[in-house]
Amino acid sequence: MAVATQGTASNYLQRAPSPSGLADVVDLILDKGLVIDAYVRIAVIGIELITIDARIVIASVDTYLRFAEQVNRLDLTQTEAAGLKELRDGGGSKAKDKTKGAAEGIKEKVGRSNGKSSDD
Amino acid sequence: MSATVTEAPAYVYGVTWADGARERTEGGVADSSVRVVEHGELAALVSELPSAEIRARRRDLLRHADVLQQAFEEHVVIPLGFGTVFASGDDVVEELLEPRYEELVALLQDLDGMVELTVRAFYDEQLVLAAIIAGNPRIAALRGSQAPGDQVRLGEAVAQALAERRNRDADEIVAELAAHAREVVVEERVAEFELVRAAFLVERPAVAELDARAEELAERHGGVVRFKLTGPLPPHHFVAERWAS
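From first to last, the protein sequence lines are chains E and C. Numbering of the first sequence is given in our numbering, commencing with residue 1 and proceeding in unit increments. Numbering of the second sequence is given in our numbering, commencing with residue 1 and proceeding in unit increments.
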């Protein structure tokens, strides 16, 4: 579709003409669209597992310690150039190599947080 | 065209204009074909089910979305939520298309020529934390400190800086993209480093504009924020509210 071929290819913008994968589809069709009083609604068994409950950062000591640990672990020699450059001019050629695969990492994180969300 | 009278339960994907609605021999939920049930100018996209008690599988969710997506390439379509089943094809007419005819026609007219684009944006964890350290001397100083309480203070300062930055960035991103849209639905964030989860209702000619703006935003944030743009999609996020009102 038109969208997929527009513009120059940015490394930081991923385009998809249609929902890619089950999580995207669930986002669109499970609690969206018209809901009509009908004869019956099919129960979606097991899909609860993948509907994504909001897991917003809750201000707690645990969260703070987790952030602190992340920040302590951060290797600034790896990220400083990108971070500072980003502050300066919003660009960052080093960032390109650093961030490859970040989207996958995020997906995995979302997946993991889902499993826990029922305890929250 | 094909208003065959049958007694099989009828799964409904969505409603579109009868003119141009296409049947499909396969690819429906429960491995069914997709047929068109017409009433006046309207058509419901329907699959006959072997039983109303079918168990939805993952594949069925994907197919629901796919049937709507394909129909949408021909015409505007009003998506129904997953899982709507009527007792028969006749009931689709008698309980949906006929009694809600005017509303459905008005909804299709209103959404004609409109598409949905969804945008999600995430921070790269490492890069955003590095930027927060670089821009905040107090956080830089607390980093690695072993003094009692400092780690909690560090984490709290990071959480606060991240929240501020996220709100600022998210507002800016949504506002810039919304300039090309007729309506916006901003959804609650799901992941910790997610900052935007939004759907935009866009006139077809403006799709390229919004796309170019997303590209520009992505370049401006230089990898600290990664964007995902999906569409053009049927207006999944924009029908329920119109229906209710």
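Because the hints were derived from the structure by calculation, they are not lab data. Cβ coordinates follow ideal geometry from the N, Cα and C atoms, glycine included. One or more hints might be untrue.
Computed beta-carbon distance windows for the label pairs [as the list claims (entries may be wrong)]: (1) Asp171/C x Ser20/E: 19 to 29 Å; (2) Glu188/C x Leu65/E: 16 to 26 Å; (3) Glu26/C x Val61/E: 23 to 33 Å; (4) Glu98/C x Asp62/E: 29 to 39 Å; (5) Asp62/E x Glu41/C: 50 to 60 Å.
Structure-based check of each hint:
The hinted window of 19 to 29 Å between aspartate 171/C and serine 20/E holds, with their beta carbons roughly 27 Å apart. At about 25 Å, the CB distance of glutamate 188/C to leucine 65/E agrees with the hint of 16 to 26 Å. Range check, glutamate 26/C to valine 61/E: about 55 Å between beta-carbon atoms, so the 23 to 33 Å window is missed. Between glutamate 98/C and aspartate 62/E the Cβ separation comes to about 56 Å, which falls outside the hinted range of 29 to 39 Å.
Checked against the hint of 50 to 60 Å, the C-beta distance between aspartate 62/E and glutamate 41/C comes to roughly 58 Å, which is consistent with it.
Of the numbered hints given earlier, the model fails hints 3, 4; all others are met.
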